[in-house]
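Could you use the hints to bring the two separately framed chains together as a complex?
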Amino acid sequence: MEEFTLYRIFINLVIATKWTLILSVISFVGGGIVGFLVMLMRISPVKWLKQISWFYVEFFQGTPLLLQLFLAFFGLSVVFGVNLSPIAAATLALTGFTSAFLADIWRGSIEALPHGQWEAGSAIGFGYFKQLQLIILPQAVKIAIAPTVGFLVQVIKGTSLASIIGFTELSRAAALINNVTLKSLLIFGLAGLIYFAVCYPLSIWSQQLEKKLAYKA
Amino acid sequence: MNYQFDFSVIWENIDLLIVGAWLTLKISFVAIAFGIALGILGSLARTSGNRIFNGIALAYVEIIRNTPYLIQLFFIFFGLPNLGIKLSAEQAAILSLAVNFGAYSTEIIRAGVESIHQGQIEAGLAIGFKKLAVFRYIVIPPALANIYRALIGQIILAVLFTSVISQIAAEDLTYVGDYLNSRTFRSFEIYFTLALLYLAIVWLIKGIAFLVENKVFAFAKYKR
Chain A
88 MEEFTLYRIF
98 INLVIATKWT
108 LILSVISFVG
118 GGIVGFLVML
128 MRISPVKWLK
138 QISWFYVEFF
148 QGTPLLLQLF
158 LAFFGLSVVF
168 GVNLSPIAAA
178 TLALTGFTSA
188 FLADIWRGSI
198 EALPHGQWEA
208 GSAIGFGYFK
218 QLQLIILPQA
228 VKIAIAPTVG
238 FLVQVIKGTS
248 LASIIGFTEL
258 SRAAALINNV
268 TLKSLLIFGL
278 AGLIYFAVCY
288 PLSIWSQQLE
298 KKLAYKA
Chain B
417 MNYQFDFSVI
427 WENIDLLIVG
437 AWLTLKISFV
447 AIAFGIALGI
457 LGSLARTSGN
467 RIFNGIALAY
477 VEIIRNTPYL
487 IQLFFIFFGL
497 PNLGIKLSAE
507 QAAILSLAVN
517 FGAYSTEIIR
527 AGVESIHQGQ
537 IEAGLAIGFK
547 KLAVFRYIVI
557 PPALANIYRA
567 LIGQIILAVL
577 FTSVISQIAA
587 EDLTYVGDYL
597 NSRTFRSFEI
607 YFTLALLYLA
617 IVWLIKGIAF
627 LVENKVFAFA
637 KYKR
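Going down the list, the protein sequences come from chains A and B. Read in order, the letters of the first sequence are residues 88 to 304 in the working numbering. Read in order, the letters of the second sequence are residues 417 to 640 in the working numbering.
Next comes chain B alone, as it looks inside the complex (with noise of 0.2 Å):
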């Protein structure tokens, strides 16, 4: 192994690589606001106790769980306008991670509602609390403590899929890394690189995740 590593392309770059990384950011914000939406919407139908809600939340659940997310990109992208529909990279792209993550957090928020003891409300409503302000202070809080984790993987998940969408030309960093590669054949410097980058920003996720943690859902500490 005789090679010479040569990292000048990243700092010549590095404009480049910022603007890919916050339309990877933009793009992961904005999905991941629609998905959890998307969630709460498919979470509410699944405990509705009506079959015809239920029914068609698991399968769209069980749908976009059970199929990889390069196939839900193309599906949208290239297969929408069939239909008339047609969206740009960018759109197609917060679509489909949206449709995705939203699958993944209905299970989730589910779960989270689920966890919560039918004693609890029946014990809030007995102390006379209204039925918002049980919702509001006796379901939300540990609901939301017992999913914190589970969305935050989730969130962690989706940020990484959104190099996917370098496929469909959305100039994210991964396709940064593309263009940069296709011109200078620094593939290792470069993928590297970007796996860095990458990586950085799955643990300033988790940071943040951490001290939110600490200060917010303290009142759960009991059960770690």
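Here chain A stands alone, though its shape is the one from the complex (with noise of 0.2 Å):
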């Protein structure tokens, strides 16, 4: 057996590392297409619309996300009789999950703006979508980057439960050498510093972006 000395076990969780990122940067990427889609539902003047995106919201955040990686993985299999790999599941429950974030936070960042913006757009003879893309996603977009990027952290650190469903990525394989060295403390030491290193530059970015970007009324 080969001995996994302090080195060789760094060297393999910054390997992980890797799935991690790309598995934050998909669930980011097609939450954030599907976020936007909901959060229109949410503000259009639509009432079933409006239901619809509400439900969809109030679904992913009041379930646990393990839940939500289980349902994908196990429900969806059994159900459709297709099996998704680990990954595709876990992009599948990582995208819902943080699509409905987002669309909640972009909602609000909209809504912060006051209703005469629209007004003043209806005014000069734009229609809802001239409103929307001309005077307020712009002027949303503002208000939304900070929070959206701090956001991002909370998505990485999701990621992690997709070790549960036998994705590897850090946190599996974090476990995994656990499991042959039983050095548990300093591997989930050493597994938790590398999760801090990528997320606290995040956090850090988002605070100063939420000073810079503050909207003034």
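No lab work stands behind these hints: they were computed from the structure. Just so you know, not all the hints are guaranteed correct.
[Said to hold, decoys possible] Once the Cα atoms are required to be at most 30 Å apart in a straight line, the calculated DSS-like pairs of lysine-lysine come out as: (1) Lys134(A) <-> Lys229(A); (2) Lys134(A) <-> Lys546(B); (3) Lys442(B) <-> Lys137(A).
[As the list claims (entries may be wrong)] Pairwise CB distance ranges (calculated): (4) Ala566(B) <-> Gly214(A): 31 to 39 Å; (5) Tyr215(A) <-> Ser598(B): 50 to 58 Å; (6) Arg467(B) <-> Ser172(A): 32 to 40 Å.
Treat the numbers as computed from the prediction; the structure is a model and nothing was measured. For every residue, glycine included, the Cβ atom is placed at its ideal position computed from N, Cα and C.
So this is what it looks like as structure tokens:
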């Protein structure tokens, strides 16, 4: 059996971190796209669209991410007879999770704008989507950007739960090495350190953006 | 899709699910209570003006907020025995959840305390209130009103986090689900029902929080 030196443990964890980052980026991009659509439904004047998106957000915000992963990985394969790979199930669940929170953050950013902004757009003859595109979104982006970056940290931390359905990223690599070496304190300490090295700069960036882009009404 | 849904596994094991849900609620409650205590200590340290206390509290907050809960749980449950500290699954679950909640509530409570204008405190002292009375009547009520919603939001997240403790075999609601799943393979029915149970718990918390807010924090309504 090969010996797990500190160096080898660290290298293995860093290699596995690649998959944490890949899953985070896919989920964030996918969640961003879906979240934008859900947000559009949520702010639309059409009642049933609003209700669907309301329940969508409540479901993903009101149930544990771990269960969302289990539903995607175990539940869907049983019902539809398709076997999703761990990365496919993780992507699906994390996209749902991310989209619900981003939709909520972005809705809040749009609603933070005074309603007169919409009315001004309508007064100069813009239709609904023109108002949204040319007047509302450019201002809302400024409000949304800091909490969006902040939420990226939640997504990265959330990917750790994908380890439980068997996707080998940083947390699962740590658990696997732990099973062999039993140097638990060291291994989970190192894994935590790597997560910290990824997440902390993003947190700081988010805080700086918040100060810089604070909305002045 | 010709799958036959069969929810009988739920009704036949309703007793197990109730036991699991009870443990989820119990652990959440205890962990959040300890977590709030930690958060009060943390926020006192953060606002104390003492650089060492502030530094320690800040490091605590940033470390916890920038690492996944799963790693914190494993660090405590698997890691601490390396130092000769052995905890049961339930103890490790409560400790890790409390430490996690403490970090988030430190920042929430700090923000609440800092939201009180210095002039308010001076005004209280000027009209002859004792320091303790200023704290009780002038600082605490609006500070609580300011942090209330953020704290409820964090409590809900903490309850949802408890599902992760099933991974160290603490027998919470999710653990019962895993157990039933491994015996019946009714994965969709089981996990879907569990999801709805968590959703029901979350809505219950939201409902109670809403009633309490209207009753207790009616004085702060003008702000919203």
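So which of the earlier hints does this model not fit? 2, 3 and 6
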